[in-house]
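Each chain, written out:
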Amino acid sequence: MVPKDFLDIASLSREEVELLLEQAVPFKELFTRSVKKVPALKGKSVLMLFYEPSTRTHSSFEVAAKRLSADVIDLDVPHSSTVKGETVKDTVDTLQAMRADYIVVRHKMSGMPMAIARQTKASVINAGDGAHAHPTQALLDAFTLKEVFPDPAGRKVLIAGDILHSRVARSTSTLFGKLGVEVGFLGPGSLVPRLGPEGIVRFTDFDEALQWGPDALYLLRVQMERQDVQYFPSLHEYHRVYGVTQERFERIKGEGIYIMHPGPVNRGVELCHEVMDYERSLINQQVENGIAARMAVLYWLKPGTLLRQGKEGKAGGKGNRR
Amino acid sequence: MRILIRGGAVAAEDGDPVRGDVLIEEGVITAVAEGLKAAKGVRVVEAGGKIVAPAMFDAHVHFREPGQEHKEDLAHGTEAAINGGVTGVVMMPNTSPAIDSAAVVRTLYDKAAEVSRLPVYTSGCITKSRAGKELAGIDGMRKLGVTMLTDDGDSVADPALLMHAMEYATDFGMFFASHCEVPELAGPRALNDGKVSYQLGIVGSPACSEEICMDRDIRLAHAAGAHVHIQHVSSALGMETIRWWKERGVRVTAEVSPHHLIFNEGDIGEYNTHYKMNPPLRTAEDNAALLAGLKEGVFDLIATDHAPHSEFEKGQDFVSAPNGITGLETALVSLFDRFVVTGEFGWDLLVRRYSAEPRRLMGLEPVPVAEGKRADLIVFDPAGETTFTRQFMKSKSVNTPFLDQTLQGRVEMVVRGEEVLLER
Chain A
4 MVPKDFLDIA SLSREEVELL LEQAVPFKEL FTRSVKKVPA LKGKSVLMLF YEPSTRTHSS
64 FEVAAKRLSA DVIDLDVPHS STVKGETVKD TVDTLQAMRA DYIVVRHKMS GMPMAIARQT
124 KASVINAGDG AHAHPTQALL DAFTLKEVFP DPAGRKVLIA GDILHSRVAR STSTLFGKLG
184 VEVGFLGPGS LVPRLGPEGI VRFTDFDEAL QWGPDALYLL RVQMERQDVQ YFPSLHEYHR
244 VYGVTQERFE RIKGEGIYIM HPGPVNRGVE LCHEVMDYER SLINQQVENG IAARMAVLYW
304 LKPGTLLRQG KEGKAGGKGN RR
Chain B
40 MRILIRGGAV AAEDGDPVRG DVLIEEGVIT AVAEGLKAAK GVRVVEAGGK IVAPAMFDAH
100 VHFREPGQEH KEDLAHGTEA AINGGVTGVV MMPNTSPAID SAAVVRTLYD KAAEVSRLPV
160 YTSGCITKSR AGKELAGIDG MRKLGVTMLT DDGDSVADPA LLMHAMEYAT DFGMFFASHC
220 EVPELAGPRA LNDGKVSYQL GIVGSPACSE EICMDRDIRL AHAAGAHVHI QHVSSALGME
280 TIRWWKERGV RVTAEVSPHH LIFNEGDIGE YNTHYKMNPP LRTAEDNAAL LAGLKEGVFD
340 LIATDHAPHS EFEKGQDFVS APNGITGLET ALVSLFDRFV VTGEFGWDLL VRRYSAEPRR
400 LMGLEPVPVA EGKRADLIVF DPAGETTFTR QFMKSKSVNT PFLDQTLQGR VEMVVRGEEV
460 LLER
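Chains as they are written, first to last, in the working numbering: chain A, 4 to 325; chain B, 40 to 463.
Treat the hints with caution; some may be incorrect.
[Said to hold, decoys possible] Interface residues of chain B toward chain A, partial, derived using beta-carbon atoms under 8 angstroms: (1) Glu85; (2) Thr209; (3) Phe211; (4) Gly233; (5) Lys234; (6) Tyr237; (7) Gln238; (8) Leu239; (9) Ile241; (10) Gly308; (11) Glu309; (12) Gln355; (13) Phe357; (14) Val358.
Because the hints were derived from the structure by calculation, they are not lab data.
From a predicted model like this one, the values you see are computed outputs, not experimental measurements.
Where a beta carbon is used, it is the ideal one built from N, C-alpha and C, also for glycine.
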């Protein structure tokens with residue numbers, strides 16, 4: 004049974020993850036064709052409900068939906084941090100009347116997409132909620148990792164940065180864990196929780212973390228303005244202690260470690276600008292794969308129909324479980 | 040009116056319940072003994088296998104009046120109390136306007152006299168509007184009988200102001216109740232700092248936020264010669280803090296709530312706001328430590344922190360939803376179901392900690408089921424069941440984790456003076 008919503012990684016089984024990753028493959032192949040569109044979601048409508056500003060995720064979802072021939076409606080909602088549950092409920096009640104098939108939600112408050120999903124018949128897709136989850140990001144990350152390591156089980160990925168406030172760290176580490184990838188967290192002691200992450204190796208020293216032998220280094224965007232109180236002294240010091248400095252970059256290159264980043268990057272903070280031209284940087288691939296991964300999610304949740312095998316390219320292959 | 044409650048066992052602060060019939064005449068208990076005969080005209084209540092206990096008293100409730108009557112009010116709150124076997128309550132002053140002057144207290148007491156079948160006591164604010172800036176109208180409230188001062192919901196951030204208040208009001212025979220929290224450490228005040236806060240992606244509130252403030256307030260009270268009562272202790276180290284100070288003879292009392300004994304952060308699941316309160320639910324280890332503290336007498340009393348909120352408010356996302364759950368209707372049955380049935384403690388503890396001690400804290404006489412005492416008692420069926428449906432609940436709000444659950448034990452009757460307040 005395909006669930007109504009796509010809210011987090013924790014509730015997905017390994018089989019569901021594998022299925023979604025498989026479905027994304029033919030969608031990515033589509034991008035090299037002259038016509039990049041399939042009629043899979045013709046007549047379906049996707050409402051974009053972004054309470055937090057986002058360029059990348061927003062446009063990625065929009066492109067994904069349009070390549071599936073869905074109608075995209077962008078709801079003009081206030082990008083304010085003060086938007087609370089009560090106002091959101093009113094909005095959702097309004098949306099219910101529009102009979103959207105999908106609602107793609109981003110919100111500053113952890114748990115908001117779950118609250119919305121309970122109140123609507125539409126399929127809710129979490130496009131990032133607070134520090135809780137960013138499941139489509141995790142999916143595109145896993146897809147990207149599998150492109151370089153087709154069988155990623157036993158590989159090691161080091162996720163570095165502000166783990167405490169990062170929904171990407173939570174979702175991506177959970178998904179990688181489901182694929183048998185070993186995950187390490189690296190960051191300042193104040194930003195890597197001691198309690199909580201299970202089965203994850205905790206590092207607060209970059210060299211020790213490299214000693215661990217990661218196959219990929221996943222850098223998170225570090226922002227001081229996100230923090231209500233200071234967790235580390237300065238961005239300059241962060242770069243020196245936890246950033247990919249030129250010196251560390253030499254070592255990373257030498258060991259052939261892949262670099263990932265959810266974007267947008269802060270040059271001079273989590274990485275030096277040389278990293279961007281590194282042949283083993285997967286950052287641009289992640290962006291492209293984001294569209295394919297989101298198409299796979301939209302397609303998987305497709306409401307109301309039993310999908311027939313073989314139709315609409317390979318993508319229809321395993322989608323007939325609803 | 041004369042009532043003979045026949046065949047039950049009488050519970051008291053000390054010892055196990057003892058078989059005894061209870062005769063009430065004109066609101067006074069005139070005999071407690073086995074084999075009492077019913078004279079003509081005496082109403083007989085058969086209570087075979089049941090417990091006859093002193094009625095409970097809750098020293099920590101939010102009745103939301105004035106200002107937030109969509110959540111609760113005096114009429115519904117006191118009916119909820121009766122429904123749970125509670126015949127006296129102490130209101131918290133975080134209403135709007137806050138209960139910070141004689142005028143508000145008088146209005147409330149007048150209203151309570153009109154709409155309530157129970158005596159209602161209120162605490163008063165330490166500072167005006169609970170803003171932590173200026174002292175409230177302390178003497179005016181004292182003249183109306185207020186003895187407990189608290190800014191419950193918040194701590195008084197300025198230790199000097201709190202200490203001055205303690206020095207000032209102690210000589211008026213008043214005492215202080217502390218909601219302990221260092222707000223800078225408490226984050227968005229939604230849940231405990233730990234495993235669950237990581238999983239849910241919400242910056243947690245560490246137990247030390249509560250423990251530091253608790254320790255501060257006890258030290259301030261000690262220095263000022265005041266009595267401080269620590270509210271809703273939620274952590275093992277918090278319990279140990281109280282124990283440490285008590286062992287040194289410092290005048291401190293403390294309460295624990297049923298929810299901190301029964302639930303922990305693991306119950307929150309996927310953002311279930313019926314498990315959101317402040318201080319937050321902590322860990323299973325904390326549950327065990329709090330229970331040990333209750334049994335060992337570290338906690339003087341059990342209080343519910345009955346905190347009604349509308350379904351709409353609790354239906355928001357976890358961070359935005361307000362803190363607190365209702366407790367008056369579920370406390371006794373849930374404590375019985377979880378701890379008496381399992382043999383963790385007996386009726387003596389329930390009576391001492393949820394009936395006698397809270398009354399003593401407020402300067403009131405306990406209400407033992409004994410000859411010569413005014414009747415203020417409940418009949419409780421340990422073999423019965425209670426299902427906490429919306430229909431069952433008399434509170435205006437149903438924000439409790441026990442909603443629609445069936446627990447063992449049932450409050451069958453509540454008698455206060457000449458009045459039978461409840462009979463099922």
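Violating hint indices (sorted, rising): Result: hints 1, 2, 3 and 10 break, sorted rising.
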